[in-house]
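Trainee: Keeping their order, the protein sequence lines are chains G and Y.
Per my numbering, residue 330 is the first one in the first sequence, and the count goes up by one each step.
Per my numbering, residue 169 is the first one in the second sequence, and the count goes up by one each step.
One should not assume that every hint holds.
[Claimed, not checked] In silico EDC-like pairs for lysine to aspartate or glutamate, Cα to Cα no more than 16 Å straight-line:
1. 273(Y) <-> 428(G)
2. 276(Y) <-> 183(Y)
3. 280(Y) <-> 235(Y)
4. 204(Y) <-> 235(Y)
5. 273(Y) <-> 355(G)
6. 276(Y) <-> 367(G)
7. 273(Y) <-> 185(Y)
8. 227(Y) <-> 251(Y)
9. 225(Y) <-> 183(Y)
10. 219(Y) <-> 367(G)
11. 280(Y) <-> 222(Y)
12. 400(G) <-> 355(G)
Derived from the structure by calculation, the hints contain no laboratory data.
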Amino acid sequence: NAGVTQTPKFQVLKTGQSMTLQCAQDMNHNSMYWYRQDPGMGLRLIYYSASEGTTDKGEVPNGYNVSRLNKREFSLRLESAAPSQTSVYFCASRGQGREKLFFGSGTQLSVL
Amino acid sequence: GQQVMQIPQYQHVQEGEDFTTYCNSSTTLSNIQWYKQRPGGHPVFLIQLVKSGEVKKQKRLTFQFGEAKKNSSLHITATQTTDVGTYFCAGPRRGGSQGNLIFGKGTKLSVKP
């Protein structure tokens, strides 16, 4: 059981480049989330998907788009990366009727 | 807006000393969760508290939920080097769907052997 798998683990982009962060879970969870973590800022929710076919904005959605491709996969896209998007990105999932989040191992993104 | 605050931001202790981190919410919470993140790792769920005044123990860790359900604490007795990491509390975001959590900024614990 892999849990929540994120790719890539590390990425360096130039300002203006685009990229997609991939996330997949094998726990048959309904809900999936994208968080970013910045030093001293804790975890802030970017977007979430309460169930397959739905997505909603979180606390800091600007500059990002998401796709819930199917029940397993939830991707995060940066269309035109900016240095302010340098961060560690975590994908998480949650089972129906459960409260706790399961996190992936994270993607460390640097935008130069 | 809704806020979840944690203090202290950093704590350095000698191995064997006790450690406590406090979490305070600007709003009443239906539940509170605690997560631990090891250096270079990802957050891992520790526990959820639901009832007013609830106290739960996990070996050397004691978690409390305040009577007003606006504050919580995590106490570690006799810290060990394996306790190193950042401890986050999180509560449901007001108006958000289930699982939409607001996290505190965390308390980073370092333990000197």
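Trainee: Next, verify each hint and record whether it holds.
Mentor: Each hint tested on the structure:
1. 273(Y) <-> 428(G): 20 Å, violated
2. 276(Y) <-> 183(Y): 15 Å, holds
3. 280(Y) <-> 235(Y): 34 Å, violated
4. 204(Y) <-> 235(Y): Given pair residue 204(Y), residue 235(Y) is violated - Cα atoms ~24 Å apart, limit 16 Å.
5. 273(Y) <-> 355(G): 29 Å, violated
6. 276(Y) <-> 367(G): It holds: about 14 Å lies between the C-alpha atoms, which stays within 16 Å.
7. 273(Y) <-> 185(Y): Cα-Cα ~23 Å, so violated.
8. 227(Y) <-> 251(Y): Cα-Cα ~12 Å, so holds.
9. 225(Y) <-> 183(Y): Violated - the C-alpha atoms of residue 183(Y) and residue 225(Y) are around 20 Å apart, more than 16 Å.
10. 219(Y) <-> 367(G): Violated: residue 219(Y) and residue 367(G) sit about 31 Å apart, past 16 Å.
11. 280(Y) <-> 222(Y): Cα-Cα ~31 Å, so violated.
12. 400(G) <-> 355(G): 9 Å, holds
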